[in-house]
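S.K.: Spelled out, the chains give:
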Amino acid sequence: MIKARVTVTLKNGVLDPQGKAIEHALASLGFSGVGSVRQGKVFDLELEGADKGKAEAELKAMCDKLLANTVIEDYTVSIT
Amino acid sequence: MKSAVVLLPGLNRDRDMIAALTKISGKPPLTVWQTDTEIPDVDLIVIPGGFSYGDYLRCGAIAARMPVMRAVAEKAARGTLVMGVCNGFQILLEAGLLPGALMRNASLKFVCREVKLEVANANTAFTRGYSPNQIIRCPVAHHDGNYFADAETLARLEGEGQVVFRYAEGTNPNGSINDIAGIVSEGGNVLGLMPHPENLIESAHGGTDGRALFEGLVGKAA
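Residue numbers (the numbering used here), protein chains in the order written: chain A, 189 to 268; chain B, 1069 to 1290.
Hint data in this document are derived by calculation from the structure and do not stem from the laboratory. A hint or two may mislead.
In silico BS3-like links for lysine-lysine, alpha-carbon gap of 30 Å or less [as the list claims (entries may be wrong)]:
id, chain 1, residue 1, chain 2, residue 2
1, B, Lys1184, A, Lys208
2, B, Lys1070, A, Lys208
3, B, Lys1184, A, Lys253
4, B, Lys1091, A, Lys199
Short derived list, chain B residues pointing at chain A, Cβ under 10 Å [stated by the list, open to error]:
id, residue
5, Leu1161
6, Asn1214
7, Thr1221
8, Ser1271
All C-beta atoms in this analysis are idealised placements derived from N, C-alpha and C, irrespective of residue type, glycine included.
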């Protein structure tokens, strides 16, 4: 069994209204000095098998095909 | 005109779309279910609005990977007219049939109101019922209608006349780049738009500005 975490974030330059709203909310709670907030998504996956190289290639394919919208999002894959 | 409406769990504007197509073309559309792998020969395929798969992951993301969307892509590649309204537009983008993406409204609020649209290109199968730069009224109802494309794609869309509807008179409800409300594919046969022309086709709706889109499609345009 391989455990993996996929993190999907908005590309630089893509406006993130939700991140902005969170940034303002943090400021209103008194957390000063927050430069910026960008919201993203995390997926934890369990994959059968033990071949980490194969798992990584498959995870990247999953990101390209479904987990991320590569028009606006970047992703990173980490296998634990 | 023969038409087909794609049905997916969570869509809720299918009945309005079927009513509009039936009233204006005189024939009820066929319906195709998400697991259908083939679509009969029709002149127009419509993906209506709603919340397919509860907007899980991203709006339209799951629907775009259903078998019926492969069949829609094959038909589109062969020149069949395809129109996606609201969630249907989101699905066409997620399926890669149109460029760009629709993001959360800049206001972060669901907007349900009437906007003004400019017909930015009246020279398409979908807009020939309108005159160039005509301003029409149209309702919108969405949470994720904030169109985005990278600079290169945007320049291409603008340069090739692929932007067909633009929010006009300061009514952009979602922060959409260049006020884009609807675009067509490079071949001109796939249209995606956020507003709902099917909800403004008879006087009981409070207006008929959406009618010319359907009339143009069925060749009944004045």
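S.K.: Give a verdict on every hint.
M.R.: Okay, the hints, checked on the actual structure:
Distance check on the hinted pair: lysine 1184 of chain B and lysine 208 of chain A sit about 28 Å apart at the alpha-carbon level, within 30 Å; holds. A threshold of 30 Å between alpha carbons decides the hint, and for lysine 1070 of chain B with lysine 208 of chain A the separation of about 46 Å lies outside it, so the pair is violated. A threshold of 30 Å between alpha carbons decides the hint, and for lysine 1184 of chain B with lysine 253 of chain A the separation of about 36 Å lies outside it, so the pair is violated. Annotation: proposed proximity of lysine 1091 of chain B to lysine 199 of chain A is violated, straight-line Cα distance about 44 Å (limit 30 Å).
Using the Cβ-Cβ criterion of 10 Å, the hint placing leucine 1161 of chain B at the interface with chain A is satisfied: the shortest such distance is roughly 8 Å. Checking asparagine 1214 of chain B against chain A: minimum C-beta separation of about 8 Å stays under 10 Å; hint holds. Because the closest C-beta pair between threonine 1221 of chain B and chain A is about 8 Å apart, less than 10 Å, the hint holds. For serine 1271 of chain B, the interface hint is violated, the least distance from its beta-carbon to any beta-carbon of chain A being 37 Å, above 10 Å.
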